[in-house]
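Kindly generate the complete structure, drawing on both the sequences and the hints.
Numbering of the sequence shown is given in the UniProt record's numbering, commencing with residue 1 and proceeding in unit increments.
Everything labelled a hint here was simulated from the structure, so no lab data went into it.
Certain hints may be false.
Stated by the list, open to error - With a straight-line Cα cutoff of 25 Å, these simulated DSS-like cross-link-like pairs (lysine-lysine) come out:
no.	residue 1	residue 2
1	61	251
2	172	117
3	498	485
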Amino acid sequence: MGLGTYENYHRAPPAMMKFGYDAPEGVEIRGRYDGEFAAILDRDALQFVAGLQREFRSRIKYAMECREEAKRSFSEGASPGFDPATRYIREGEWTCAPVPPAVADRTVEITGPAERKMIINALNSGAKVFMADFEDALSPSWENLMRGQVNLKDAVDGTITFHDKARNRVYKLNNQTAKLFVRPRGWHLPEAHILIDGEPATGCLVDFGLYFYHNHAAFRRTQGAGLGPFFYLPKMENSREAKLWNCVFEKAEKTAGIERGSIRATVLIETLPAVFQMNEILYELRDHSVGLNCGRWDYIFSYVKTFQAHRDRLLPDRVQVGMTQHFMKSYSDLLIWTCHRRGVHAMGGMAAQIPIRDDPEANNAALELVRKDKLREVRAGHDGTWAAHPGLVPVCMEVFSNNMGDTPNQIQSMKLEDASAITEEDLLQRPRGSRSLDGLRLNTRVGIQYLAAWLTGAGSVPLYNLMEDAATAEISRVQNWQWLKYGAELDGDGLGVKVNNDLFGKVVEEEMCRIEREAGKEKFRRGMYKEACKIFARQCTAPTLDDFLTLNAYNNIVIHHPTGSSSRL
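Structure (structure tokens):
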């Protein structure tokens, strides 16, 4: 689905026009009307978003065309690599703008969707940063996105509360809270509920624009010590896309009348092409950068997607593709060296485990895995790490504090000069390991259950004691597709069978039965498991690989209302 295609989205039943958004000329709101949403979608805020869309849409379209051209090149046998034309940037002596004192210490960052209770718990968790997510951890329904904007405005204002009626408990912010970062969607995702000049808006410009417009002044006063707001930027593939973000930031700063370089952002290095342009990405954002992050789950997904036409690049079971694989360690080491050389944070990856409350022994084993992973990160030179659950924050904090002492980061102390010798071959080395029927089953079970939750509004889903988001579901999907495409041999469990459509069909049928048993008949009946199964199976068996699971499934959660009317009659 392209940015300009919206004819096939669901339409709500006709309703009498009782309410409507006050949209400027050329802007049409097709999402449900809500009084709280209208305070976010006021005329001036929409004018700001429309201004961003009109100024940058042609460049966004060109950036997406360049992605397609690169994909064609890789499918014809090319591999990503360092660009000779930008060697002067990689070898030059330059640094990014100084790190803002407000975020010098980022030892533990917690992430999660921009949901009200989650925001309060995360800001109160003891982590140094909370990244509120409009991307992989959020299902981008109209309700979730607009409610998220309302929630974040209340959080920045310091007024956010939540009444849990089931527990009869009121949640509110502590006196001391984590610093707030916000992750908008990637360049490729549209916002089909907002039309600008007849075309769906670009999702990330909606997320960024509405949040920035309503919160920049309060954020700079209460959290940023005169700087901010702070962002995470996902799914970037090259420095051209980083330059585009830099131009958006400069436009926003100029419009708001704040000094250039106020906005700061960390870029997730979560695509294989981007690892070869880390210096260039930082260079384009050098006045606005606060580092890079190892988005390792999406990075594995991108490895398969980049090499989708290369039958010699089959991945082993996803549980075997960890940070000790040579290509993953090389990626992490190069990121640390690059960031510290340029004076910014090198953030580690996600601890996806969640506490296992009914099994102390299994819980202790899970926490030990987290400790080992975080110890590896801090000793490698990372300045901080991610956690998916508040229960992991003390464990992660303890590991980093014990190994970093009183310093807020390792930017000056861990230069990792050996990483300067990392080559293209190191970054592209084939992962080692075996493939098993259990791996195929796990991929299928996780993929279907995640997508079923996503279709019903949940983007962050606890499955088998791990917090799954779109990134881990993507690994499941593309690995199944790759094994099916090339008839991978399941050599890890002694079966020796090859993956084909018949085997996959049987696995899908059996795993759906297992999902029904685990969920219970009533939950299974009320859920969207069958719809999710159809979408997931279709994508796994498609002749060509869909770029993104959620982009393909997006039509299923878009509901158009007549020009932003209320659904009430």
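So which of the earlier hints does this model not fit?
Hint check: nothing fails, all pass.
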